[in-house]
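Trainee: What follows is each chain in one-letter form.
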Amino acid sequence: MTPDTSAAVETRSAAWLGVALGITFTLCFATGLWSHVLQHPPAWFTPPPRPAGLYRLTQGLHVTAGTASIPLLLAKLWTVRRRLTVWPPVRSTLHAVERLALLPLVGGGVFLLLSGTANVARWYPWHFYFPAAHYAAAWIAIGGLVVHAGAKAGTTLAVVRARPADSTPDATRGDRRAFLAGVAAASGVLVVATAGGTVPALSPVSVLAQRRPGQGPHGLPINKTAAAANVVDAALDPAYRLVVTGPGGERALSLAELRALPQHHATLPIACVEGWSATARWRGVRVRDLLALVDAADAPAVTVESLQRAGRYRSSELRGAQIRDADTLLALELDDAPLDLDHGYPVRLIAPGRPGVLQTKWVARVVVP
Amino acid sequence: VSEPVDDTTTSRRGLLAGLVLGVPVILFGIRSAILDAHDTHPAELSRWLIGSAAVHDLVLLPVVGLVAWTLRRAIPAASWPAVRAGALVAGTLALVSWPYVRGYGASTGNPSLLPRDYTLGTLLAIAVTLIVTAVAATAAVVRARRRSRA
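Top line first, the protein sequences correspond to chains A and D. The first sequence maps to residues 1 to 369 in this note's numbering. The second sequence maps to residues 1001 to 1150 in this note's numbering.
The hints are simulated quantities; they were obtained by calculation from the structure and are not laboratory data. Certain hints may be false.
Pair ranges (Cβ atoms, derived) [what the hints assert, rightly or not]:
id, chain 1, residue 1, chain 2, residue 2, range
1, A, D335, D, T1070, 33 to 41 Å
2, A, D335, D, G1109, 18 to 26 Å
3, A, L103, D, R1146, 36 to 44 Å
4, D, R1146, A, Y129, 25 to 33 Å
5, D, S1148, A, G219, 27 to 35 Å
6, A, A310, D, V1063, 40 to 48 Å
7, D, A1106, A, G219, 52 to 60 Å
8, D, V1063, A, T267, 48 to 56 Å
9, D, R1149, A, P200, 47 to 55 Å
10, A, R163, D, A1127, 55 to 63 Å
11, D, L1130, A, R281, 54 to 62 Å
12, D, V1055, A, G219, 27 to 35 Å
Partner residues aside, some chain A positions facing chain D, computed with beta carbon under 10 Å [stated by the list, open to error]:
id, residue
13, W34
14, V37
15, W44
16, L73
17, V97
18, A101
19, A137
20, I140
21, A151
22, D175
23, G182
24, S206
To be clear about the criterion: a stretch of chain A counts as covered by chain D if any three or more of its residues have a C-beta under 8 Å from a C-beta of chain D, and this derived list gives those stretches [unchecked claim]:
id, segment
25, 78-84
26, 153-163
27, 223-237
28, 322-328
Being a predicted model, the structure only gives us computed values, none of them experimental. Where a beta carbon is used, it is the ideal one built from N, C-alpha and C, also for glycine.
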């Protein structure tokens, strides 16, 4: 047992905060990686459509765990602040390497929380593309975390397993507990203040939620409007046709023809990468039924293209089980009314287990490559 | 105060194992930033990564230190744990609320995005925090006085 100097007291706080951060950062990394592979699936990977609410859960956790990490990280860095100015700054090569490895951890950690928070607030005080920069920084930070966790694993385990030394004055012990309780309170308050966009019960007190449940056309929030996507005229054009292309040729279907096909209901969430989500009842044509019209019922992959001329999310891909899932629809209705223009009128993709940005709106073409 | 704390908390073997496992992960992140340079702007991203650590260490830390030092001397010792917790909650709320209150992401065409009055909400949340803190701090001081009398 280390003697109960102020350094040892600090070590105990730092160890417990380190454990908490290890959990939240690992959770953020795993859920972030999941979001990344859903949006950029490697050739060998077929994103599973089930469970339908999985992405809602993982991305809600991603944003929540990141938000909870803010007080944890600030408190952790506070408890170890004296080590920033240790003298001599470097005692050995290994000590230099250990200190150097703190840069990716601290710089990366602070940047990830800052950029994630800014992204949810739609604040972009930089020129890089947020998801790409956040993704690269996540590997850099988590690598720094692995190095640091290795260096401190022994001490942390000893602290977590041991009780404070009997010689620790009650006041010191109580002070440390009060400090950690304050940090936990700050994390809890931030989570409650931001989670209302995905947990409707919290909405009244979620003073920093990006969304309010029930707000938006059909009571469902909007990410990108038709005006912002520059598709209003094309979407409202009476000459609109949905073009389906496959090995059996090409079919151009009017809205009336689409409505004449068998219609199916699906109750599915829209789950945004920014953490909010909301469930709705959709109605439309199954993608697999449409593909059967062009002899492509067994297609391994299809591309769903929007009327949008530009933009990173103007098209998305469905693979394997995603295509054949009974709930993968080209929806014409939302809650038994025609889709609102901002929700993708005349036709939008809605499928289980996908990030919202891949639920392509204002669909123009379904193409089997 | 500069105690040789690292000597007592760093395991040499653990650090070496961490380096073997962690450095390739860091390099993978750097590789990803370079391969995707068109989107990641590696030079700007590096400035943000280093800048994040620097702004924390050179700006936020001294400011928090000064606030903590001042507060601690201005209030009765018994109320410190409650005041510190209250300052943590209010401070992190204020930090996170910044882009919302400033309205950087406001969109005129999409009323469902950022639909709340974030300034009012933040002020209310901080006000509630301060009230709870004041009650807890007062209770702590009263308890401490009773104990010292007894």
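Trainee: Now, for every hint given, state plainly whether the structure supports it.
Mentor: Hint by hint, here is what the structure shows:
A C-beta distance of roughly 55 Å is found between D335 (chain A) and T1070 (chain D), which places it outside the suggested range of 33 to 41 Å. Separated by about 23 Å at the C-beta atoms, D335 (chain A) and G1109 (chain D) satisfy the suggested range of 18 to 26 Å. Taken as a hint, the range 36 to 44 Å is violated for the pair L103 (chain A) and R1146 (chain D), whose Cβ atoms sit roughly 50 Å apart. A hinted range of 25 to 33 Å is violated for the C-beta pair R1146 (chain D) and Y129 (chain A), which are about 60 Å apart.
Hint check: S1148 (chain D) to G219 (chain A), Cβ distance near 59 Å, so the stated range 27 to 35 Å is violated. Taking the beta carbon of each, A310 (chain A) and V1063 (chain D) are about 43 Å apart, inside 40 to 48 Å as hinted. Between A1106 (chain D) and G219 (chain A) the Cβ separation comes to about 22 Å, which falls outside the hinted range of 52 to 60 Å. Separation of V1063 (chain D) from T267 (chain A) is about 49 Å and conforms to the stated range, judged on CB atoms against 48 to 56 Å.
At about 50 Å, the beta-carbon gap between R1149 (chain D) and P200 (chain A) stays in the expected band of 47 to 55 Å. With their beta carbons about 39 Å apart, R163 (chain A) and A1127 (chain D) fall outside the hinted range of 55 to 63 Å. Judged by the Cβ atoms, the range 54 to 62 Å given for L1130 (chain D) and R281 (chain A) is violated: they are separated by roughly 44 Å. Between V1055 (chain D) and G219 (chain A) the CB atoms are about 41 Å apart, so this pair departs from the stated range of 27 to 35 Å.
Look at W34 (chain A): its Cβ only gets to about 17 Å from chain D, farther than 10 Å, so that hint breaks. Here the hint on V37 (chain A) is broken, as its CB sits about 13 Å from the closest CB of chain D, past 10 Å. The interface hint given for W44 (chain A) is violated, since its Cβ lies 18 Å from the closest Cβ of chain D, which is over the 10 Å cut-off. Residue-level restraint check for L73 (chain A) holds (minimum Cβ-Cβ distance to chain D is 9 Å; threshold 10 Å).
Residue-level restraint check for V97 (chain A) holds (minimum Cβ-Cβ distance to chain D is 7 Å; threshold 10 Å). Proximity of A101 (chain A) to chain D holds as hinted, the smallest CB-CB distance being about 7 Å (cut-off 10 Å). Contact between A137 (chain A) and chain D, as hinted, is supported at the beta carbon level, the nearest pair being about 6 Å apart and thus within 10 Å. Evaluation of the I140 (chain A) hint against chain D yields a held restraint, the C-beta minimum of about 4 Å falling below 10 Å.
Against a cut-off of 10 Å between C-beta atoms, the interface hint on A151 (chain A) holds, since the closest Cβ of chain D lies about 4 Å away. With a cut of 10 Å, the hint placing D175 (chain A) at the interface with chain D holds, because the nearest CB-to-CB distance is about 6 Å. A hinted interface residue such as G182 (chain A) counts as satisfied when its beta carbon comes closer than 10 Å to some beta carbon of chain D; here the least separation is about 3 Å, so the hint holds. The interface hint given for S206 (chain A) holds, since its Cβ lies 8 Å from the closest Cβ of chain D, which is under the 10 Å cut-off.
Residue count for the segment 78-84 of chain A with a Cβ under 8 Å from a Cβ of chain D: 5. That meets the three needed, and the coverage hint holds. For the segment 153-163 of chain A, the stated coverage by chain D is satisfied: 3 residues place a CB nearer than 8 Å to a CB of that chain, which reaches the threshold of 3. Closer than 8 Å: that is the beta-carbon criterion, and the segment 223-237 of chain A has 5 residues meeting it against chain D, so the requirement of 3 holds. Given as covered by chain D, the segment 322-328 of chain A fails the check, having 0 residues with a CB less than 8 Å from a CB of that chain where 3 are the minimum.
In this structure, the hints that do not hold are numbers 1, 3, 4, 5, 7, 10, 11, 12, 13, 14, 15, 28, in rising order.
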